[in-house]
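J.: Spelled out, the chains give:
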Amino acid sequence: MVERKIRVLVAKPGLDGHDRGAKIVARALRDAGMEVIYTGLHQTAEMIVEAAIQEDVDVVGLSLLSGAHMTLFVDVAKLLKKNGLDEVLIIGGGIIPVEDVPKLQKEGIAAVFGPGTPTEKIVEYIIKNVKR
Amino acid sequence: MSDIVQNILKGDQRSIARLITLAENNDKIATTAMKDIHPYTGNAQVIGITGVMGSGKSTLICELTRLYRKLGKTVGIIAIDPTSPFSGGALLGDRVRMMELAMDDGVFIRSLGTRGMLGGLTSAVYDVVEILDACGKDVVIVETVGVGQAEVDIIKIADTTLVVIVPGLGDSIQTLKAGVMEIADIYVINKADRPGVEQTIAEVESLVDITCSGKDRKTPVLSTIAKQGKGIDVLLQEIEDHRSYLEKTHLFEKQRRLRYEAELVEIIRKRLMSFIFDEQTCKQRINDLLDRIGEKKTDPYTAAEEILGTILK
Ligand SMILES: Nc1nc2c(ncn2[C@@H]2O[C@H](COP(=O)(O)OP(=O)(O)OP(=O)(O)O)[C@@H](O)[C@H]2O)c(=O)[nH]1
Ligand SMILES: [Mg+2]
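Going down the list, the protein sequences come from chains A and B. The first sequence begins at 9 in this note's numbering and counts up one residue at a time. The second sequence begins at 656 in this note's numbering and counts up one residue at a time.
Think of the hints as simulated: they come from the structure by calculation, not from any bench. Incorrect hints may appear among the rest.
Claimed, not checked - No farther apart than 27 Å at their CA atoms in a straight line, the calculated lysine-lysine pairs in the DSSO-like style are these:
#, chain 1, residue 1, chain 2, residue 2
1, A, K89, B, K665
2, B, K728, B, K903
3, A, K13, B, K683
Based on the provided sequences and hints, a complete structural model is requested.
T.: Pasting the structure below:
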C-alpha cells in the first residue's frame, strides 16, 4: 500500500515585502491534494535548499516581485543541483519580463507563471511534470 | 544493512529525509529499514508540544532549540499539521517560525501532515522519531496542533509533554476543566506579554492543585514570551527536572513502553486495514457484505465477525 503525495516547497526569496500571491498558490496546491511546505518571507537560496533537502520535496516553487529574480532564481537552481537534487522540479512566479523566461529555463527553472495565472494551470503543470 | 540505513547512522541529511518520505508512504523499503534502525534508537529525549492553534508552539520550539544548541545538543523537530479531509492536501507552515534554524547542521526539521489520523499525530510519527533518534539527535521535539478533545496521543510518544496556553482564552481553560488537558507534564502560559496573564496562571494553578492533590509531583505552570525569548531557560530547566523525575521514579521505562505499545498497535492496525481493504484480498467480500447489510440480510456485527474470522483463521 504505497500512498504517494506530491510535496511542494513554496518559498519567497529576496527582500520584497508581501507574500499574498505565494499564499494563494500554496492554498490552491493544498486543495489539489498536495502537501505544501510554506517557509515565509526573506529566504536566502541556502535556506531554501536546506529546507528542500530536509522536507524531501518534489517541487520547489519560488515567488518574487522585485527585479532580482534572475540572480535569486538561478542561485536556488544551482544550489539544488550542487546538492544532488536534480529531480526537483523548479517553478517560478511573479512579475518576470518575457525576455528573461528562456534564460531562466536554461538555468533549470522549468516554468514561469506570470501574475494572474489561474491556479489550476499551475496545479496541472506540476502533476504533469513532477519527476518522481 | 541497506545503504540508506548506513547513511542515516552517519547523519546524512538526504537519506534521513528520504526514509521519512518512504515511511510516510508505507513503502516496503521503509519497513525493512526501520527493522535495521531499531537497535540504534532509545537515546534521544523526546519532547511533545501541543496547544491551540496560534498559541506560539513553533516559536517556542525555535527558542528552545536555540538554547539546546548553546548547550551543545543536537535537535530534531517534527512539526505536524492537519491534513485536509476534503482534498488530502495540507498546508504545513510551522517552518516559517523556524527558518533561522535552517542553516544549522545540528538541527533537522521535518513537516508532516496528519494524513487521515485522528488525535493530532500521523501514523508515521513513530518511525520519524526513531529515524531522528538513530541519526544521533540528542533531543527530538514533536509539535502537534491541539484542536480539542482528541489531541492526547502525543503523550504516548513524548517523554515530556508541554501544553501551551495563552492568556485570555476562556476556551483553553474550559478544556482543562474538562480533564482533557490533564496530559501536561508542564503547562506553558505563552504570550505572557498579553493582558490577563496573572489570571490565567492563577486559574491553571488552581486546577493543578486539584488534579495533582495527593500526587508526588505537582505539574509546574510557567509563563513565557516566546517571541522575545523570555522564560525559555526556566522552561528548559523544568524539562530536565521532569526527565530526572521520570528516571528517579522508574516511570521512564513505563513511558517508553507506552510508546512501543502505541507503535505496535498502529503497525498492526495499518496492516489489518490494508489487508481488509486491499483489492486482492478482502475488498470484494466487503462490498458484498455492504450490499447484504443494506438489504438487511445481515448486520454490521455479523459481517465484521465474518471478516475477522477469515483473518484470524
Ligand atoms: N504577543 C506574542 N506573540 C507571540 C508570542 N509567541 C508567539 N507569538 C506570535 O503568535 C503567532 C503564532 O505563533 P506560532 O509559533 O506560529 O504558533 P503555533 O502555535 O505554532 O501555531 P500553529 O502551528 O498554527 O498552531 C505568531 O505571530 C507569533 O509571532 C508571544 O510570546 N507573545
Ligand atoms: Mg506551529
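J.: Which of the stated hints cannot be reconciled with the structure, identified by number in ascending sequence?
T.: Checked against the structure, no hint fails, so every one of them is satisfied.
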